[in-house]
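Number of protein chains: 2
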Amino acid sequence: MITCSAPGKVYLFGEHAVVYGENAICCAVELRTKVSVEKSNEIIIESALGCTGLDHKIHPYVSYVIEKMQQFADIKGIRIIIKSELPIGSGLGSSAAVTVASIQALNLLFDCGLSQEDVAKTAHEIERMVQGNASPTDTYVSTMGGVVMIPLKKKLDLIDCPIVVGNTNKFSSTKELVGNVAKLKSEFPCIVEPILSNIGQMSVLAESLVAQGDYETIGKLMNINQGLLDSIGVGSAELSNLVYAARNSGAISAKITGAGGGGCMVALTREDNAEDIAKAIENAGGEAIITKNTEEGVRLESLHG
Amino acid sequence: MITCSAPGKVYLFGEHAVVYGENAICCAVELRTKVSVEKSNEIIIESALGCTGLDHKIHPYVSYVIEKMQQFADIKGIRIIIKSELPIGSGLGSSAAVTVASIQALNLLFDCGLSQEDVAKTAHEIERMVQGNASPTDTYVSTMGGVVMIPLKKKLDLIDCPIVVGNTNKFSSTKELVGNVAKLKSEFPCIVEPILSNIGQMSVLAESLVAQGDYETIGKLMNINQGLLDSIGVGSAELSNLVYAARNSGAISAKITGAGGGGCMVALTREDNAEDIAKAIENAGGEAIITKNTEEGVRLESLHG
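Protein chains in written order, with my numbering: chain A, 152 to 456; chain B, 152 to 456.
Take the hints with a grain of salt, since some may be wrong.
Repeated chains share a single entry, so a pair holds when one copy, or any two copies, can fit it.
[To be verified] For lysine-lysine, the following DSS-like pairs were computed, each having C-alpha atoms within a straight-line distance of at most 27 Å:
{"hint": "1", "residue 1": "K336", "residue 2": "K371"}
{"hint": "2", "residue 1": "K430", "residue 2": "K306"}
{"hint": "3", "residue 1": "K334", "residue 2": "K227"}
{"hint": "4", "residue 1": "K306", "residue 2": "K208"}
{"hint": "5", "residue 1": "K306", "residue 2": "K272"}
Don't read these hints as lab results, they were simulated from the structure.
These figures come from a predicted structure and were not determined experimentally.
Please model the complete structure; the sequences and the hints are all you need to start from.
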């Protein structure tokens, strides 16, 4: 049994603006989906969602991965076990992580010879099959790890302060939110277009700040980015609530991460107050996870179990 | 005894941006400060703050008004009674209203012959004496009423939907908030300057929408304006809380009005749901007032008591 894992990600800057070609900065986080694979007589996929065979409804990503990998190897029976630290559908890239880790696990088990670039590319193909118009960002960052400037895929320095994620546990549809922004943009182009380029501009400013490890200044920009996200209609009562809870308890910064509406917010914190901020988020009704940036993308966890 | 009243105001668009010469739209609201004056043997000022003589600490605006009006008339003894529907220091222009109403009451009692323009100008002088660097907006709108585009002082059509004000009852210092925005602007000019001009641009767009009575579209712009205010750091947990409570209970729009930090938010509502929105604001911990736009600025309420 081979086990591979792949990380989730948060957006430090640029969600939504990236849809319009603006720059964004994504940061892989040490919250991983582990996928274990072993040869078997039949196809079995086990996860928190249930135990199925090839099933494009319950396990769409893994089912498409198996079919795709059958092009590279003679995969008949396979048992796949998925364990994830990433809340599903919360904007942390859980679908990218399970896709990337599954591809790599099968790649290694069947010696398919896919490079890391191939894994990222294949994972993006799978996400497009399932979601329609998926961006390559999540799958790329999950495969490569680190801090990545999108769309140029430029690796930046690592973020080494604690990162606290707050989950509203409220479902939101990325497709719907992206559609709402597009609608607002077409209704008020002279208002919304400058907001989107302003968000893009922040990533450009932040690049050198990341190199300097100047988290205080990065944080001020993230807080501005939060307001701009709220301005284009992707905020919510729950998100603002967690954002202000984090800021008011001493976070360096706090903003929505991902599509907004519901899902998650992210806070940068100091070494000594990550726990306080996590508690404040919990007290405000969110679910908090303390994590950190990870240099490693998809990786082999174990060759034997 | 002569009684005059003057209204407070809300910003539909443009607070903070107006400091940098951008356009803003202010709307006089039917929440008034009434000032009654009668000749007396001594100077007596009565308000919710206490009963004093000339007192530049407890009644700075009215004390300066008396001294200023002594230039136009032989005012020795005077009794002034102040009653206000406007919460003090909450960004609704309570100091402008008391100043304007006092000037006009003394103007009429002593037949000083000041025109409405003179009243506005004199009131602005008084606000500058007390506050240092006061803008002429509050005193102008309180004197003239209506809906006013700043800085050109252009009168727009009236807003005829209900207006709900939500007070966080949290003190905030306008001076400090304006200073914080200036600091953020000097730290990130290429980010903050476009935000301020974007806010200004909204007033330009809104002018024709006000003429058309298109409150739905005005509301969308106000909601964008709210996020932009949050982005420049003048939001707060309490304000966001009331803003989302109003929106989620069906308000057309909801945003900060005034300097932010604490103070008030304002919502436009439909005729049939102003009560619901007021209740939602109260349930979220705010103090709600249902009001409406008023065409009348300073006015004579009564010549006899």
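Hint check results:
1. K336 <-> K371: both (25 Å within a copy, 12 Å between copies)
2. K430 <-> K306: Neither way: K430 and K306 sit 32 Å apart in one copy and 50 Å across, limit 27 Å.
3. K334 <-> K227: neither (46 Å within a copy, 64 Å between copies)
4. K306 <-> K208: neither (35 Å within a copy, 59 Å between copies)
5. K306 <-> K272: Answer is within: at 17 Å inside a copy they meet the 27 Å cutoff, but 59 Å across does not.
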